[in-house]
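Please model the complete structure; the sequences and the hints are all you need to start from.
Order-wise, the sequence lines are chains F and C.
Going by our numbering, the letters in the first sequence line up with residues 1 to 351, in that order.
Going by our numbering, the letters in the second sequence line up with residues 1 to 241, in that order.
In case anyone wonders, no lab produced these hints; they're calculated from the structure.
All C-beta atoms in this analysis are idealised placements derived from N, C-alpha and C, irrespective of residue type, glycine included.
One or more hints might be untrue.
[What the hints assert, rightly or not] Quick look at which bits of chain F chain C covers, simulated, 3 or more residues with Cβ under 8 Å:
| hint | region |
| --- | --- |
| 1 | 39-49 |
| 2 | 61-69 |
| 3 | 101-110 |
| 4 | 161-167 |
[What the hints assert, rightly or not] Derived pair list, reagent style EDC-like, types lysine to aspartate or glutamate, alpha-carbon separation capped at 20 Å:
| hint | chain 1 | residue 1 | chain 2 | residue 2 |
| --- | --- | --- | --- | --- |
| 5 | C | K226 | F | E54 |
| 6 | C | K180 | C | E221 |
| 7 | C | K32 | F | D337 |
| 8 | C | K53 | F | D331 |
| 9 | C | K217 | F | E54 |
| 10 | C | K53 | F | D81 |
| 11 | F | K46 | C | E221 |
| 12 | C | K53 | C | E26 |
| 13 | F | K46 | C | E26 |
| 14 | F | K46 | C | E235 |
| 15 | C | K217 | F | D337 |
| 16 | F | K46 | C | D115 |
| 17 | F | K46 | C | E240 |
| 18 | C | K217 | C | D139 |
Each chain, letter by letter, is given below.
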Amino acid sequence: MQENSSQTRELILAFESSCDETSVAVIENGEKILANVIASQINSQKRFGGVVPEVASRHHVEQITLCAEEAMTQAHVTYADLTAVAVTYGPGLVGALLIGVSAAKAIAFAHQLPLIPVNHMAGHVYAARLVKPLTYPLIALLVSGGHTELVYMRTAGQFEIIGDTRDDAAGEAFDKVGRVLGLAYPAGGKIDHLASQGQDSFHFPRAMIKEANYDFSFSGLKSAFINTVHNAQQRGEALSHADLAASFQASVIDVIVTKTLRAVKQYGVQQLIMAGGVAANSGLRDRFRQEIAQRDLELDFVVPPLRLCGDNGAMIGAAAHVLYAQGVRGDAHLNADPSLSFPYLAANTTK
Amino acid sequence: MLVLAIDTSNRALTVALASDQQLLGEITLNIKQTHSEGLMPAITYLFQAAKLKPAAIDRVAVAQGPGSYTGIRIAVTTAKTLAWTLNKELVGVSSLAVIASNVLSTQRLIVPVFDARRQAVFTGAYQWQQGHLVSVLSDRHIKLAAWLPELLATKQPLTFVGQTAVFSDTIRKMCGKQAKIAPEAANLPRGQQLAWLGQQAQPIANVHGFVPTYLRKTEAEATWLKNHPNNEGHEPYVEEI
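As structure tokens, this is what we get:
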């Protein structure tokens, strides 16, 4: 597994800059976080009600070496201790990705270290490895502002998509609905909080819940929500924001939980990982736990702690550990790939 | 002093390794290729060919803009990371100065231009004084129609260099005999020139804080600041969480 057998510990310096967080981590043996420095641009991007790519890229340049220096200091490691440098090369915002890629390549060159390109989504899955060992086959639900994906893993390092969103990502729907309710970006946490105080009284549609696939759609829900609010405004009627939030969230959760658990059953997996920014939603977490208990499923449901659910370098280092063992290497030509994606699982190979 | 010079401000990519006395090597590419794919292989080859280790350099000189936002970010990120991680000096040089230094005339005002689209340019004015290239009209983003009268008012002979092709008709029409357009050979940035300019400049005190010179705010930020002049408590923009 290790190129240098005299090395007792494998140390990976990992970079993540795919969206609006600059993060650098040092990960030992794929499972232990020695440092995970995260610089968030949320204060800046709040001004625009969402992430402006050019602004994100500019902030990454300001932060990248600062984060790297702090990570190395916190981890008490030197370049001579490092085994490899890892970096997210996609998917994400191209200008943002390029900062991490440029910095990682420069460090790999300067210290003659191997370079490991990592798919950001593989990172989200492997955030769970920082919590406990993974048992294959497994299914991972990746829900964030940019993605809503169900990923099947037969074995370590092998990722196949079994379901994806056809339009908006779940987190995107939260942000758009939040804007209608006058909530500041990012709205996910605020809607979650409001929802806990309201009732599902509007009965919004549950898009694609019965369809015989694992895809999602949230744009119809968003439209139904906006229409409901606008119609009420025209009638001069005030709707309960708590009930609106609860109804919206109930629709999202119903669809995600129903389809995910159906996939768990069909593929016969014993571990379900949930990660990505929307995994922070307490309503979603609670419903999964309830359903799993009620149905008496023998299912290990793993949700990494909040800090590892959002974008971070530690998860990239954890994924890189597996890729490194499999011989995955990047070279000086490595470029960002903003639309990088896992392959789809061929329909006829389903169990 | 061994200097590594890096410029990816526009379409061309140029890197060089130079000591005080001589150029060891320069790679200049003017092809359609992303700088992310091209830069590190070029640097790697230069060091291999010169049989030098990365740590052998004393200083990294980078063209820090203006130019393509993505291009200057790739050069600046690569340069500042190399300088930081190898604990070497870092100097930033105007990307316009690199082009201006291709014109050797000591009698004329040298006007480098980059096409900023919508009839605007990134530009400035430079002059050789006692063997040094001096910025006499600072780098700026400006409509060409506003820039030319300002240059004419200096009453000095002008030499335009850089991305002049699209503007040459306008320049000739408005400036007449006061202006010359540099020959095509002078339009490409050269790593050797950047290394030489970089040897003379003062190193950056705070490598972490080093950023590209964009000369323009993003549209989103410009609009925001127009409507929120006090910025309403959004600073610091970036926080460790």
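Handout entry: Numbers of the earlier hints that this structure fails to satisfy, in rising order
Key = 4, 6, 13, 15, 16
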